[in-house]
Amino acid sequence: MLFNFITDHLLTWIVFLPILGMGAILFLPKDKPNLIRWTSAFFTFLSFLVSLQLCWSFNRAEAGLQFVEKMAWIPTFNIHYYVGCDGLSITMILLTTLLSFLCIFASWGIKEGVKGYFLMFLLLEAGMLGVFVSLDFFLFYIFWELMLLPMYFLIGIWGGPKKEYAAIKFFLYTLFGSVLMLIVMLSFYFYSEPHTFDLIELAKPGILKVKDLNIFGIALSVVDFKKVLFILLFIGFAIKVPVFPFHTWLPLAHVEAPTPISVILAGVLLKMGAYGLLRISFPILPQETYWFSYALAILGLINIIYGAFCAMAQLTLPQEKGGNDWKKLIAYSSINHMGYVLLGMAVFTTEGINGAVFQMFNHGLTTAMLFLLVGVVYDRVHHRRLDGFGGLGVQVPIYTGIVALASFASLGLPGLSSFISEALVFLGSFKVYPSITILATLGIVINAAFFLWALQKIFLGPLNPQYKNLTEVNFRASNLAPSIIILMESLSLNLALYSPEIILSITLGFVLIVHMISKSNLFTFLTALVGLVSAGGASIAIQSFAPQFFFAGQLSHDPFSLFFKLFFITATFFTFLFSYRSYEIDEERGAEFYLMTLAVTVGMCTLVSSINLLSLYLSLELVSIVSYALAVCSTEPLPLEPCFGDFHFFMDLQDP
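For the sequence shown, the numbering used here gives the first residue as 9, with consecutive numbering after it.
Hints are computed from structural coordinates only; laboratory data are not their basis.
Simulated crosslink set (BS3-like; lysine-lysine; CA at most 25 Å straight-line):
(1) 119 - 40
(2) 217 - 234
(3) 234 - 212
(4) 78 - 212
(5) 123 - 38
(6) 119 - 171
(7) 212 - 235
(8) 171 - 329
(9) 40 - 123
(10) 329 - 177
(11) 235 - 217
(12) 170 - 119
(13) 38 - 171
(14) 476 - 465
(15) 465 - 329
(16) 171 - 123
(17) 219 - 234
(18) 38 - 119
(19) 170 - 123
(20) 329 - 170
(21) 219 - 235
Modelling step: build the complete structure from the supplied sequences, incorporating the hints.
Below, the structure is given as structure tokens:
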């Protein structure tokens, strides 16, 4: 009974669990900061778990809204508590709950006003989630405003030296946009017949009965009035994106906000503006959106180029002129990346819209990772000056590798997530605006330039003598490694059950992370086994469905491939069991062995699932190359030069 009640109201639980967490924290004493922290973590984790269940229950084959809840709230004005989600909102819900949960732990260093901080944080999470599930404009507006106040206090109280100015500027900009949105909301309500705030009803043709108007002595036709409404609504959302020239609040807010709030600001709040355009402006005012589409594409191009050049300027301008700040560089790169989102939305193509939504999700993850990494080094050296580092790659190699990976993902390196979303945006936009698309690709070049330049200034060159005693990042491994194994299992069961190849690929990443964190061969070994068991279970579970094609028809799941997948996975499982003793002491070689063997298994499973020559060739290459490296992996060190020589010869034989 209780389970059915929860599953029937998943969206309500997701939104109001942080509110329940606030209620619990209110009754906790101020002198128990750790209890307050863990209580906040517990409720954000519950929201994250419910969002995973939401993703698991979401029917991807069904178009339209799901998990809809609707009840009368203020009947006099036809206002409803109306929530639901589709493919657009479920992506943002998952992103919000994931980043909120991570940022709770990133907030562990908050020492002053702990109770107030976590109360504001949970209220902020509830407001953000409410925006992404609301289908009533009035309810949407309430949650939109609810998000504004906690963000103001989180920046203004727990921020940097200029926190008050940054908070006030953020508040005034956002409030101005909210006033414009309020005007449009009231116009929609009074000019709709019957009067309604229902976003689904407002999107139906003919419901807005607008007549010729005379406002402040200016005669407006129906068409002109709708264009004015679109402009007002666009400005309200563009401030949040932010779109040039409404962006000036963002760099300062990022620089002055504490690291976890910068993560939420870049990872979630910027997406709310783009989400509002897709949820409200586009469906309710489609003709006006199409009429302004070229202007939107131009603004997207300006964001791309302007944001990239401003980020580049951080590497050349002195600190006195607003430059030389690592955090501000990432803030301007966010303006650049949101330009791709705007460009994708402006072209009205399937590839463009999908690329824009995917870019919103990817940018949320990569930029969140970058801000968290900047916060790690700031807590140790207490500055973010790009010219104040130098040579850190030798001193903290693991940290350097993680920052490099996050930077490469952000600049759109092929093989990483941002490349896919940007490629989709360009594929969609080139059909409609080829000239704008060609110019927009310059942003990728500038992006790569400033990220690589920043990496060079921070991590390469001679070591700055003042950091000669800087130690490697402490991940508190012994406590986190088991949690990562559990998280991996959760991700496998909730996000990737549709493909054992995906689960094994995820396992590869977790094996590497667990090894870096724990330095324990046992945890690495257990992580690999959990991934193999999950992949085997997924292979069997898939057969309860009809044979399916995946990855745009590149892979197939059928009884033939199932037999070989289970054979490969089982063989790998027993290989790990029998070889554990051999690598029990030598942790480095043990991790290499598990990683390479898993990679070979991924290649073999992909090979037997391939129904396309390209995927067959790529999987065969993966198996061949990694198997060759695995063949020289032993408990005794081997000289690398002959191996590389043989490797190049081997590659030459494969090329026609």
